[in-house]
Amino acid sequence: IHTYAGEVVDTLTLDENGSAESKELYLGTYKVKEIQSPAGYKLDQEEHEAEIVYEDDTTPVVVTTLNVKDEPNVIYIKKIAAHTEKELAGAELQLLDQDGNVIEEWTTDGKLHEIKYLAEGTYTLHEKKAPAGYVTAEDVSVEIKETADIQKFQMIDKIITVTISKIAEDTGKELPGAEMQLLDQDG
Numbered sequence: 001i002h003t004y005a006g007e008v009v010d011t012l013t014l015d016e017n018g019s020a021e022s023k024e025l026y027l028g029t030y031k032v033k034e035i036q037s038p039a040g041y042k043l044d045q046e047e048h049e050a051e052i053v054y055e056d057d058t059t060p061v062v063v064t065t066l067n068v069k070d071e072p073n074v075i076y077i078k079k080i081a082a083h084t085e086k087e088l089a090g091a092e093l094q095l096l097d098q099d100g101n102v103i104e105e106w107t108t109d110g111k112l113h114e115i116k117y118l119a120e121g122t123y124t125l126h127e128k129k130a131p132a133g134y135v136t137a138e139d140v141s142v143e144i145k146e147t148a149d150i151q152k153f154q155m156i157d158k159i160i161t162v163t164i165s166k167i168a169e170d171t172g173k174e175l176p177g178a179e180m181q182l183l184d185q186d187g
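Each residue of the sequence shown is one higher than the one before, starting from 1 at the first, in my numbering.
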């Protein structure tokens with residue numbers, strides 16, 4: 001809490017009910033600014049006005065309510081195919097905290113996946129299972145920052161490729177010009 005001249009007159013920490021009581025203040029108008037947000041929420045950058053006015057001769061404590069809506073941290077994660085750069089469905093993903101605990105687990109559906117209320121810090125995006133025909137991606141570090149911006153992250157899957165060559169049995173060297181056919185399990 002500070003005066004219009006910028007002098008800090010009190011610093012409050014809200015209790016579990018979202019309330020706090022300041023020291024005695026003179027009647028007048030003050031500015032209130034959040035300096036640390038609760039875990040999982042964006043820092044409110046706006047200064048809010050709080051007016052302390054005389055109520056009556058018998059009221060020793062003036063209650064001023066300041067209604068501020070906290071916005072949750074929001075991140076979006078997308079899974080894309082390297083060869084098409086389009087969003088990919090069917091991957092089983094996990095978001096892990098620094099201790100390896102699963103924060104959220106989902107199967108991609110070809111759309112952005114939204115996660116809210118993450119505390120600031122470093123997380124790991126882990127692919128538990130790749131979609132059929134794709135190589136499991138390496139883990140991606142996800143850094144959640146204290147920002148009002150929406151944060152976006154992506155993981156890229158590469159398609160499985162096969163290299164085949166024909167080797168001469170007697171020399172051990174590759175034989176150029178051979179034509180081969182790769183078949184599925186049904187022939």
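Simulated from the structure, these hints should not be mistaken for lab results.
None of these values were measured; they are calculated from a predicted model.
Keep in mind that a hint or two might mislead.
With a straight-line Cα cutoff of 20 Å, these simulated EDC-like cross-link-like pairs (lysine to aspartate or glutamate) come out [what the hints assert, rightly or not]:
#1 Lys-42 - Asp-149
#2 Lys-116 - Glu-146
#3 Lys-128 - Asp-97
#4 Lys-128 - Glu-92
#5 Lys-31 - Asp-70
#6 Lys-78 - Glu-143
#7 Lys-33 - Glu-16
#8 Lys-129 - Glu-146
#9 Lys-116 - Glu-92
#10 Lys-158 - Glu-87
#11 Lys-145 - Glu-179
#12 Lys-111 - Glu-146
#13 Lys-69 - Glu-120
#14 Lys-152 - Glu-114
#15 Lys-116 - Glu-71
#16 Lys-158 - Glu-143
#17 Lys-23 - Asp-10
#18 Lys-42 - Glu-114
#19 Lys-86 - Glu-138
#20 Lys-128 - Glu-146
#21 Lys-78 - Glu-51
#22 Lys-42 - Glu-71
#23 Lys-129 - Asp-149
#24 Lys-69 - Glu-105
#25 Lys-152 - Asp-56
Label pairs and their in silico Cβ distance ranges [what the hints assert, rightly or not]:
#26 Asp-10 - Ala-148: 33 to 43 Å
#27 Ser-141 - Leu-25: 41 to 51 Å
#28 Leu-183 - Ala-148: 52 to 62 Å
#29 Lys-31 - Glu-146: 37 to 47 Å
#30 Asp-15 - Gln-151: 21 to 31 Å
#31 Gln-98 - Ile-160: 52 to 62 Å
#32 Tyr-76 - Asp-184: 30 to 40 Å
#33 Leu-182 - Glu-138: 42 to 52 Å
#34 Ser-19 - Val-135: 21 to 31 Å
#35 Lys-23 - Glu-55: 11 to 21 Å
#36 Gly-18 - Lys-158: 21 to 31 Å
#37 Pro-176 - Lys-128: 39 to 49 Å
Every residue, glycine too, gets a C-beta built ideally from N, C-alpha and C.
Results of checking the hints against the structure:
no.: 1; hint: Lys-42 - Asp-149; result: 9 Å, holds
no.: 2; hint: Lys-116 - Glu-146; result: 13 Å, holds
no.: 3; hint: Lys-128 - Asp-97; result: 15 Å, holds
no.: 4; hint: Lys-128 - Glu-92; result: 5 Å, holds
no.: 5; hint: Lys-31 - Asp-70; result: 17 Å, holds
no.: 6; hint: Lys-78 - Glu-143; result: 15 Å, holds
no.: 7; hint: Lys-33 - Glu-16; result: 19 Å, holds
no.: 8; hint: Lys-129 - Glu-146; result: 31 Å, violated
no.: 9; hint: Lys-116 - Glu-92; result: 19 Å, holds
no.: 10; hint: Lys-158 - Glu-87; result: 12 Å, holds
no.: 11; hint: Lys-145 - Glu-179; result: 54 Å, violated
no.: 12; hint: Lys-111 - Glu-146; result: 25 Å, violated
no.: 13; hint: Lys-69 - Glu-120; result: 19 Å, holds
no.: 14; hint: Lys-152 - Glu-114; result: 9 Å, holds
no.: 15; hint: Lys-116 - Glu-71; result: 10 Å, holds
no.: 16; hint: Lys-158 - Glu-143; result: 23 Å, violated
no.: 17; hint: Lys-23 - Asp-10; result: 7 Å, holds
no.: 18; hint: Lys-42 - Glu-114; result: 16 Å, holds
no.: 19; hint: Lys-86 - Glu-138; result: 18 Å, holds
no.: 20; hint: Lys-128 - Glu-146; result: 28 Å, violated
no.: 21; hint: Lys-78 - Glu-51; result: 46 Å, violated
no.: 22; hint: Lys-42 - Glu-71; result: 6 Å, holds
no.: 23; hint: Lys-129 - Asp-149; result: 30 Å, violated
no.: 24; hint: Lys-69 - Glu-105; result: 28 Å, violated
no.: 25; hint: Lys-152 - Asp-56; result: 53 Å, violated
no.: 26; hint: Asp-10 - Ala-148: 33 to 43 Å; result: 25 Å, violated
no.: 27; hint: Ser-141 - Leu-25: 41 to 51 Å; result: 45 Å, holds
no.: 28; hint: Leu-183 - Ala-148: 52 to 62 Å; result: 55 Å, holds
no.: 29; hint: Lys-31 - Glu-146: 37 to 47 Å; result: 21 Å, violated
no.: 30; hint: Asp-15 - Gln-151: 21 to 31 Å; result: 29 Å, holds
no.: 31; hint: Gln-98 - Ile-160: 52 to 62 Å; result: 31 Å, violated
no.: 32; hint: Tyr-76 - Asp-184: 30 to 40 Å; result: 36 Å, holds
no.: 33; hint: Leu-182 - Glu-138: 42 to 52 Å; result: 26 Å, violated
no.: 34; hint: Ser-19 - Val-135: 21 to 31 Å; result: 53 Å, violated
no.: 35; hint: Lys-23 - Glu-55: 11 to 21 Å; result: 18 Å, holds
no.: 36; hint: Gly-18 - Lys-158: 21 to 31 Å; result: 48 Å, violated
no.: 37; hint: Pro-176 - Lys-128: 39 to 49 Å; result: 41 Å, holds
Hint violations for this structure: numbers 8, 11, 12, 16, 20, 21, 23, 24, 25, 26, 29, 31, 33, 34 and 36, all remaining hints satisfied.
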